[in-house]
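Assembling the complex is the task here: the two chains are given apart, and the hints tell you how they should meet.
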Amino acid sequence: MRTAEALRMALEALRVNRLRSTLTMLGVIIGVLAVVILVAIGTGAKNAVEKEIAGLGSNIILVVPGQVGLGAAPTQSRLDLTDVAYVRRVVGDPSKVTVAVNSGESVRVGRNEVFATLTGTDENMQNIFDRPLRRGRYMTATDVDTRRRVTVLGSEVAGKLFGDVDPIGRQATIAGVRFRVIGVYESVGSTFGVARDQEVHVPVTTAQRLIGLPRINGIAVGASGPDEIESLQHKVVAALDARYPDEKFSAVTQTQLLGTIGTVLSMLTGVLAAIAGISLLVGGVGVSNIMLVSVRERTKEIGLRKALGARQRDVLWQFLIEAVLLTTIGGLIGILLGVGGALLIQALSPVPAAITWWSIALAFGVSVGVGVFFGVAPARRAGRLDPVVALRSE
Amino acid sequence: MTTQPPMTSPTAFEAIGLTRSYDLEGVSVDALRGVDLRIEQGEFVALLGPSGSGKSTLMHLLGCLDRPTSGILRVGGVDVATLDDTRLAELRNQTIGFVFQSFHLLARTPALDNVALPLVYRGVTRSERRARAEAALKAVGLGHRMGHRPSQMSGGEQQRVAIARALVGDPQVVLADEPTGNLDTRNGEEVMNLLERLNADSGVAVVLVTHEPDVAARARRQIHVRDGLIELDSRSRTAPAGETTEGGAG
Ligand SMILES: Nc1ncnc2c1ncn2[C@@H]1O[C@H](COP(=O)(O)OP(=O)(O)OP(=O)(O)O)[C@@H](O)[C@H]1O
Ligand SMILES: [Mg+2]
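One line per chain: the protein sequences are A and B, in this order. Residue numbering for the first sequence follows my numbering, beginning at 1 and increasing consecutively. Residue numbering for the second sequence follows my numbering, beginning at 1 and increasing consecutively.
Everything labelled a hint here was simulated from the structure, so no lab data went into it. Note that beta-carbon positions come from the ideal geometry of N, C-alpha and C, so glycine has one too. Careful, some of the hints might be misleading.
[What the hints assert, rightly or not] Here are a few chain A residues that face chain B, going by a calculated C-beta distance under 7 angstroms: (1) Glu5; (2) Ala13; (3) Val16; (4) Asp246; (5) Leu304; (6) Leu308; (7) Gln312; (8) Val388.
The following block holds chain B by itself, in its conformation from the complex (with noise of 0.2 angstroms):
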């Protein structure tokens, strides 16, 4: 069974020769130094590395919030470079869900309306939006949440309320910038299911950046970066670019 949803082209994201510099006083701060990177459709990825190696930043990039200083990034196909910010939103909004180490929910919102929040700016109707979130919220097994503002709810609960909000607008990728970093085991181990789940069931590409071993190896591929580079890529080592033997496989 192949739960590949149809898309116009299988790659998710493919960057080359990638860098983003800040400016900070005058001085350049080099992020990112030339990454080069494919994501296929479906994939479940792992960055990792020390703190200040980059790896949010390439995440930040990845998800169309910021740009490349130099480099080609294509997501899903297109060249972030030829679209204007209001497209990019628009890309961000329709084949992107984000998932935040702090939540990031708004604290005085009900858990449903903001899950349905994505589709605000899609201009789907508020009934339609209401049915939606509704799903995904049961998907993340708060169905008997959806009236709770997130100060209402634990912290595991508040992140199973972000990953339904990442999940609501049917994306094609799923990027969580460490996703478990507040929970503690048990409930950083339960978004870790439901990550896998998501992205077996779906076939949604997840990408997230952990510190914990364990966490990492749950994901069927570790890209390792360091000091703005990609360092070490499970995936060039142990099976060459091409087919994710077991990607898809029910």
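Excised from the complex, chain A in its bound form (with noise of 0.2 angstroms):
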């Protein structure tokens, strides 16, 4: 018997018992749906992730204080703007090193009040980070060795505390304190769940004045290519370790992080798709059940079929590509379902969902090789169905 034979057969049986195959590949197709959208979901988050890290700017190395690794807890910063000076020794090109110092405080202007974090940085910070200026100016390195009370917004609370009027030029209140607007960022997003379209940017002198503390959070070296990101990482680190021999500093890169995240978030992703996947393989039970049922009420039309000439592969074939064709059908329809919903999760909710040609190979792949191995032992079973007492079933 030839296979497009068979099939033809396995399409009948089915269209005969529309409504249990209907029912069988449910489970086939909600398993498929779950595997395509949750790998959709993990994949579109671990992209958003990557696109936000790869948006702060190019080669950056970020140092800081303590151990840094996922559930480190933060350490105290010793560092002050004398351990600026000396890596910007270390490394040479001090237009290369930026410094932050960071608090969270309110911003007035008029009647219109924000909650804001506030960050204390230097005018090389523009070299590092990529920050482009919407209006005015970024601040200069006298802003910051004089002290100046000037500052550079982010979008959003430019937005919320200025609406539509130009705020260079412009008095804001930060902690208290009168600043003078110089600059407004670019909307740039956020990373790492940090919005920094609600930071507002003021000299890193005037900022430890407003906190009270000579303290920095931590130290931003621009390497000048990807090829010399570990070695000034180590060197940094080296040169602070041996200024500091009881402390322990840190520093981590973009690729790194990108790394660490990437995995984090791919690990998410395999546990999701395990899931879904053990729903598929429940499916495939189902699968399974319904075609021992099948095989026992259709023991009469095997005992025919083997009479009139019917060899056990034959008769084997019928039934595997029957069970075939459910979860095939099956994960068919549960890719263009899982795929529509991905899509419709992608456009109505804010979160990401990106389809992957793999997962959809996987889904497929998944489903056929489901089908082959519950089917199996259903389709065995009815070509070894003695004929004679096949026929005498009732």
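Laid out in structure tokens, this is it:
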């Protein structure tokens, strides 16, 4: 018997038992749908985070006190501006080193008040981070050296405080102190939940006085190219370790962040897909069950086919193809619904979803595999039926 | 005019000391206890005997649906013991046509496809299958019922579809286990006419089981089975083994 023939027979059998076939497929449909959607969401989240990190700028090394790692307790910083000067000497190019000190403060203009992240930094910030201006100017070395009360606002802060009014040259009160607005950043979105459009930048010296502590939170170093990153990273950490032998310093790069976060998110996606895969497996058990029922129900038919000359493998093939067809059709429907669902989620919710070819190929392959795996036992049973016994069955 | 089809052996079936026992929870039931039998090409044989005597068991063995417990069975000269299940299925497909008491048609499949079914397992193309099934259905007078499903047909029509299915593969033998058992006299008559014509026109050997004396009377040879043994064989009584005088005569 030809495969085309077996296919025709199987389709006919599925058509005859339309409702049962549909219900059996439902298990596979739901499983595949879940795999496709969850992988799409996982991948979408990963892409979004990677885009955020890449959006920071390129070839950045962040130096912070203590151990950086998931679950590590934040360390009280001992670093101050003399350490920044030290790192500048170590790196060689002072314009490639900048600093950050952070504090949450309220910012007020007239009756408008917002809570923003105050970031003290210096004139080198724009050399390292990708932070284009919408209006005005960046802070200068003079602003930093003379502790000027000037500020560059994140786009969201500017919008909330000034509305349609041009903020440049106007006053804003930060933590009770009046600052002059010298610039407004372009909107850049958020990184790791840090809403960068809600930041207000002031000279680091001014920020330290405002906060009342001479500390800084971290140092950022810009490498001149991807090849330089690793050596520079080691050089800076080694220099700081030498300066403070009883303390630890860490330097992380974008690549490492991307790697770590990518791994975590991939793992998460994998776990989600595995959970969805279990439902696919349950769908497969359903297929097996229905095929066994079908073989029992059609025992007489099997006996007849054998009497008319069907070989064991003809009958086996017929039932196996039926099972594989069930799961494959279910899989295809699941893929279509999954892709549709992912697109819908993408369009209607803030959850990012990215459809990947490998997840579709995998879902399809697994559907076919499930059909083969769970169809073999019933099909073998059918193939081995004794024709005389089968013909007699009621 | 002789209508003997070309064959390697003129003997359709040859059984020597054929037995078949069933094991029922440790107790052995002997359905056949040593059957010796020769059925030549083109014969028309009726098997008679009380219920449980072993007629169906013998038919299953002749039809290669089952294997003997002991003894030798040759079908068309081939010892079935030398064939594996696959070859047995092929032998069944090519040399034997079955007609059952309860028709055994696929209920939701049109008559034409029911008839064509044996050809599917022979790898015949779809168009040729159609053509041959059509011809077979016309031969049993059902040219106008080809698209009907068995559930839309009378019992007599269904059995004629089953006969068409038995003929479609040009078998050497048609085995019919109580083919008229579920039919009224008129439909039974018609089925018998068909089988007779088939036997006379194409030289196909027909072996049928029946409980009805007037059906059995239409066969040229009657074999009586009792307790798993052949009790009486009309041919060995009236004409010694060998030529059947009227066989194949038009
Ligand atoms: N699968 C089986 N398992 C056990 N015993 C069986 C089986 N098939 C047949 N038998 C036994 O073998 C004997 C012969 O059965 P068989 O069906 O050949 O009789 P039969 O002559 O066709 O009867 P009937 O005229 O009622 O159809 C019976 O005693 C029956 O019980
Ligand atoms: Mg019987």
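These are the hints, each one checked on the structure:
no.	hint	verdict
1	Glu5	holds, 6 angstroms
2	Ala13	violated, 10 angstroms
3	Val16	holds, 5 angstroms
4	Asp246	violated, 83 angstroms
5	Leu304	holds, 5 angstroms
6	Leu308	holds, 4 angstroms
7	Gln312	holds, 6 angstroms
8	Val388	holds, 5 angstroms
The structure does not agree with the numbered hints 2 and 4 stated previously, though it agrees with the rest.
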